[in-house]
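Asks: Take the given structure of chain A and dock chain B to it, following the hints.
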Amino acid sequence: MIPELGHFAIALACVIAAAQAVLPIWGAHRHDARLIAAAPALALGQFMAVGFSFLALVWSGVVSDFSVMNVAEYSSALTPLIYKITGTWGNHEGSILLWCLILSLCGAAIAVFGRGLPSALRARVIGVLGAVACGFLLFTLTASNPFNRVWPPPPDGQGVNPLLQDPGLAFHPPILYCGYVGFSIAFAFAVASLLEGRVDAAWGRWVRPWTLAAWCFLTCGIALGSWWSYYELGWGGYWFWDPVENASLLPWLTGTALLHSAIVVEKREALKIWSVLLAITTFSLSLSGTFLVRSGLLNSVHAFANDPTRGIFILALLGIVIGGSLLLFAIRAPVLVPAGIFAPISREGALVLNNILLCSIMAVVLVGTMYPPFVQLIVGQQISVGPPFFDSTAIPLAAPVMAAMGLGPVLSWKRAALAPALIRLWWAALAAFVLTAVTFHGLGGVAAVGFGFALWMVLSPAAELVERSRLFRVPLRASWSRLRLLPRASYGAAIGHAGLGVSVAGMVGMTLAVHTIQLVHPGETVTTGGFDWTLVSLRDQPGPDYVARVATLRVTDARSGAPVAVMHPARRAFPLQQQTTTDVSIKTNGLRDLYVAMGDERDGGVVLRIHVNPLAPWIWFGALIMALGGALSLSDRRLRIGAPIRLARRAAGVSVPAAAE
Amino acid sequence: MSGMEQPGIIRRRLLLGVPLVLLAAAGGGWAMMLERMQQGEFDPHSLPSQLIGRRVPDFTLPGLTGAGFTGADLQNPKQPMLVNFFASWCVPCLQEAGVLGEIAKGGLPIWGIAYKDAPDATRAFLAQNGNPYARIAMDRPGRVAINWGVYGVPETYFIDGGGIVRWRYAGALTDAVVQRDLAPLLARAEKSAS
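Chains as they are written, first to last, in the working numbering: chain A, 1 to 661; chain B, 1 to 194.
Just chain A, with the same shape it has in the complex:
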């Protein structure tokens, strides 16, 4: 009964979404106040309907209703409760429903928090979201219904994919999708502004917080996915340039560019057409990322069930959404007039540089990801594009981004001089150079330069804050009050930039990782990375729905012999799914990870993959800092309400960037 209600709720949501797509946009076009006023209610109604159907699916999973095919295939009686819940989105149908849920949540968020928007614009934004939702709900209903039944119901389900039976991955999709789908709001604003034929400073101000929120989620989502592949796959790496990983990186790159170009729209009314295009591109890449990885076209370690018929439906849907918006862009964008004029060396100039570089990286990653299938299509030859390509093309483009990142925020708007800006940051630059020089001999050129960049990215925002507070030049108290009056968005930007620096430090550290793969018998010792690794024992340990084979290792310092850690890497055999997963053991002290993955057993011994990964946790810690910076920036009153706090306005003498009003 509950599944039927859930199924019905999807159909209801689809109809509401259709109304949501048509009525408000028509109303805004005809200046019909009643139709415009219907928009928020329709958005909320759609959210409730999709929310109900999602809860119905979760319910079916929790009570183990194996007559629902989705539950029978991806859950079992033995599955722990938490994975019965998270298993609902750990498969194709459920994850599409989650996707629709978040899309309807975006519409509801505009309905609730968008009260400050002009009602016609809000109606158009909600209408565009409704149109996208209608398409994907239709897809859910016709090609990927999560409530399909099996009769007779099997006595037990096939169980959740063991790889997904992991807390990191269980919550990865919702966070990632909040990022992907969150960009739909920026997209809707872009399309709405094209419909209106107007983009102004206010547009930039409205788009920024939504973009920022989506960006924070996407940052966390990518970091979580990378962390998962680090500790769950047991290959010792954190990023494999796999098509599915790249698919999440692409919208992140253009989303980051949009975040910065929207600032220029808000403050200077320039880059308007470009920002609209970025908003469309970002969501288009999100859409393609979510759906093309399921079409079976891309070769990936992250397998999804492939079904070419579904692929054609998806492609048609993507064609309508992306093609329609780009067609509208081609027709309407030429009439958008750029207003602000600026010199190449200026805050705007730095943000344009950021955009060019980020989009170049995006283009390189996109080409690398799409090249193999297209070459196979055209030439018929199978090739693969691997990490060497991405490393050698993306890193040279990333280096100038990192260099310019510290400089941009201290440049003034319209026209700036480079020298005074550099002088303000002298100590950060000096520290970065010293670090590079000191580590050059010991660590090699690449790592030394990388660490120099990382330190620069962490210190330059600090130097900027110090400069703004005029620390040591005015009394300490005055500095403090200057710091307190700085808008939170400034702190957010500084923290975000520093967070990227921390991540980069972690990635550079990982290039210095040492590892070995050896067959080890109990009692034997391996020496690697300055540690002695002794295999103490191998034993079996039962789990809820698996049997684990656990190795115990004693790690001691190779020189002093002091005990460092006891580690328990394991392999879990899931009898129901006939699958084995590796349970990597990681011991970290914040500066380096000890990392042991267990392989096959042979001749009484076991194959161990042992890594010492310097600074590895910083990669994800840095991403978290970036997201926190974004969140702090979001809490800024100016972004939320579009008005500066009174105090900041009165204290205009402080070098706070003046708000746009």
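Don't read these hints as lab results, they were simulated from the structure. Computed from a prediction, not measured in an experiment: that's the story for all the values here. Zero decoy hints are in this set.
A short list of chain B residues far from chain A (calculated; beta carbon distances all over 12 Å):
id	residue
1	Pro-57
2	Asp-73
3	Lys-105
4	Gly-107
5	Ala-124
6	Asn-129
7	Asn-147
8	Asp-160
9	Val-178
10	Asp-181
11	Ala-187
Here's a subset of chain A near chain B, in silico, CB distances under 8 Å, partners left out:
id	residue
12	Leu-277
13	Ile-312
14	Gly-319
15	Ile-322
16	Leu-327
17	Ala-333
18	Leu-377
19	Gln-578
The beta carbon of each residue, even a glycine, is placed where N, CA and C say it ideally should be.
Replies: Frame of chain A, contents of chain B only:
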């Protein structure tokens, strides 16, 4: 809006139409891939084998009971044949056992190479699931499989009457695969023989 028309607008229109054109090209490509994928002509997941169009590398392997076979036997076969890498510990090998049995009954000889398998386990596996193999060799260290470029078990190679590898399939054979890939190869091999 009409008041905003300005000189150079046509050039801007063309420029701003570029994203649409790029999308159309990409979308067209994807559509073609999907269509060919449905027809089985396009498989992004296929694993190309270096052996296609060549003779198998040299090797000498012991048999399960008695004599095994060597690379020379496969380089100069008397008739078209299949070589199947399998193992008793491999679940897909169990799945394809029936299909292999049918092929063997149809008259195409299958030579098996047991990969990293203990002879007793192999014997038990064959006793339980039927033995479709004309001859069986044991590759316990798995070195021959590496030389062949074997991706994993089961993996099947078709060698034509001239000793050239014409086809390789990684994964469990199914009736559909046999119909789609193997049947045309056999027909061609027979035609060239006669």
